[in-house]
Amino acid sequence: MNYKLSKIFVIVWASFICLLANAQLRIEVTEGTKDPIRIAVAPMAWNIDSPASHYIHSIVSSDLSTFGEFEAIGTDKMLSLPKTEADVYYRDWAILKVDYLIVGSASESNKGGYLELNYSILDVVRKRAIHRARVIGQESELEALAHNVSDRIYREINGISGIFSTRIAYINREGISKGNYYLRFCDINGNNDQIVLTSKEPIMSPDWSSDGTKLAYVSFEEGTSRIYIQDLFSGERKALRLEEGINSSPTWNPKKEELIAVLSKKGNPDIYSYDFRRDRWKQLTSHYGIDTEPDWSPEGNKFLFTSNRSGTPQIYEMNISKNTIRRKTFIGDYNARARYTPDGKYFVFVHRKDGDFHIAVQNIKTNKIRILTNTQLDESPTISPNGNLVLYATKSGTKDILSGITIDGRTKFSLPTISGEVRDPSWSPLFK
Amino acid sequence: MNLYQEFLIIAGIICGLAGCASTSDEMATATKAASVQSSEVTNSSSIMSDTNIYFEYDKSDLSMDASSQIRSLANALKSNNSSKITIEGHCDERGTREYNLALGERRANSVKDLLILNGVNSKRIRTVSYGEEKPAVSGSNESAWSKNRRAIVKVY
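Order-wise, the sequence lines are chains A and B.
Counting with the numbering used here, you get residues 1 to 432 for the letters of the first sequence.
Counting with the numbering used here, you get residues 1 to 156 for the letters of the second sequence.
What the hints contain is simulated information worked out from the structure, not anything from laboratory work.
Remember, predicted model here, so these are calculated numbers, not experimental data.
Check before you lean on any hint, since a few could be wrong.
Across the chosen pairs, the derived CB separations fall in these ranges [unchecked claim]:
(1) A144(B) / D231(A): 33 to 41 Å
(2) G139(B) / T30(A): 52 to 60 Å
(3) Y288(A) / A144(B): 30 to 38 Å
(4) I176(A) / E142(B): 15 to 23 Å
(5) N301(A) / G139(B): 42 to 50 Å
(6) L81(A) / A144(B): 52 to 60 Å
(7) S63(B) / L242(A): 27 to 35 Å
(8) D231(A) / D50(B): 34 to 42 Å
(9) N301(A) / A144(B): 41 to 49 Å
(10) E142(B) / G175(A): 20 to 28 Å
Glycine included, each C-beta is placed from N, C-alpha and C at the ideal position.
Produce the entire structure from the sequences given, and follow the hints as far as they go.
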């Protein structure tokens, strides 16, 4: 064992142990699609000194199987372990009913400290490569590199971006209805869980800035609700101008540095826009009913919000430039906290039916709704940046937990936690 | 496996664990967490016991019972002019968190308005809504929910 090898060994070991120890959330598929795409990720040829050869293909396999859309064949079932396209006997994979095979190699990049991954996606039925790619990344960030490869494979096969490099922010409480509140975030697979804020008082409504570097949230640490913005890398925290009454529901504009939120300083909760330069709030909606839970459209020119101006909570949409407000929901007496899908064609929201609160999706053009969940106390939906998955908060007994579902309703998954309660999830944007 | 190799592996594991600690440290610096001390007024200086006023589901109007409860509370508060009053608004877990924050404020305001109507100086009163964030009891049934839909009047 030479010095270099042992050093890499230590790093890989270290990160592995930490990742396992830090994991707070784990995604478990509870109801899979009947027909998952079968893939096989062969161990990569490792042309440099590193035991990490056991690492990348297993992360890619596990990433792709996370949401049950793919079923990855374990290396123990593989009949051969090809390292290059030339090594592949398609029959070996056809027997295993594999749809796509991934083969690849890792080598030292010309740039010091970097490695180069070359991989091919092979269509087993057509017996040919459908994609060949090279990814270069730091040796010290193998995990991120593996997620990047997973994202690319997902996109090649499914036609939309993978989300294995994104993150989830959430609120965690130490015990059931007791203990400290934490604002945390972690990778999709639960790894790299990090605490952003610890408080004895409630924390609510985390929302990612469009570049994924900051979180806006509500904290009660001063004995009243107040909106904060925290930079996740420097830790620097800014408290936005505090107004009397409620200060809640911060939402970043995806297109520019603008944040809207809810204030009740005039006696009723209305939507306001925050002026970063002058630390001031500008009123956008004005009604004696409750206006709350805004969400920006992907283009950043409209927002959805909940209002009980008709007598019951319903979803409305405000067009900023035209200064118009339109009611969007008409079915049921409780429709709230809508979130646009990234293509702007649908919104996902909380819908009450027969006394139970479900997550539903509505087509914005046709107003047609589809109920996605069948549990009773579902809330706080957040959508993956590829538009494919919905994560939401629900209950398991008396405990707050997170659950998820693909937007087509075919795959359900849960995120069991090691300790305490979990609520208020917020999915990050795609990191560039 | 000879003794030397074995030593290397064990050393590797130990280093791995040590490396873990340092990796965690790096993560901690990568994301600087904030920890805050609560500055909420504590109950230690409370001069009267808290009054709980209960509400119907998704409602912020006061029942007959609640109104008479608040009227007698107003009389007690008027005879104790120097005390400060905090009214907390709370909701049960049903419905969305942010909407419930607004509903909790409505409940606190209903109580505040009736206290003022009955002669309590508005300057003494502060309201705060916690929505569904601070339930009195846990449980997803009507018995728990009815105890959580409340306003709490605290006098200091």
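Take a look at whether the Cβ-Cβ distance between Y288(A) and A144(B) falls inside 30 to 38 Å.
-> Cβ of Y288(A) to Cβ of A144(B): about 31 Å, so the range 30 to 38 Å holds.
Range hint compliance [Cβ, S63(B) to L242(A), 27 to 35 Å] = holds (33 Å)
Using the C-beta atoms of E142(B) and G175(A), is the stated range 20 to 28 Å upheld?
-> The hinted range 20 to 28 Å holds for E142(B) and G175(A), with Cβ atoms some 24 Å apart.
For the range 52 to 60 Å, tell me whether the beta carbons of G139(B) and T30(A) fit it or not.
-> violated (24 Å)
Between L81(A) and A144(B), is the Cβ distance one that fits in 52 to 60 Å?
-> holds (56 Å)
Could you see if the CB distance from N301(A) to G139(B) stays within 42 to 50 Å?
-> holds (44 Å)
N301(A) versus A144(B) beta-carbon gap, inside 41 to 49 Å or not = With a Cβ separation near 43 Å, N301(A) and A144(B) satisfy 41 to 49 Å, so the hint holds.
For A144(B) and D231(A), compare the CB-CB distance with the range 33 to 41 Å and indicate the outcome.
-> holds (39 Å)
With respect to the beta-carbon atoms only, verify the hint that I176(A) and E142(B) lie 15 to 23 Å apart.
-> holds (19 Å)
Outcome of range test on Cβ distance (D231(A), D50(B); 34 to 42 Å) | Taking Cβ atoms as reference, D231(A) and D50(B) lie about 39 Å apart, which means the hint holds.
Checked against the numbered hints above, the structure breaks only hint 2 and satisfies the rest.
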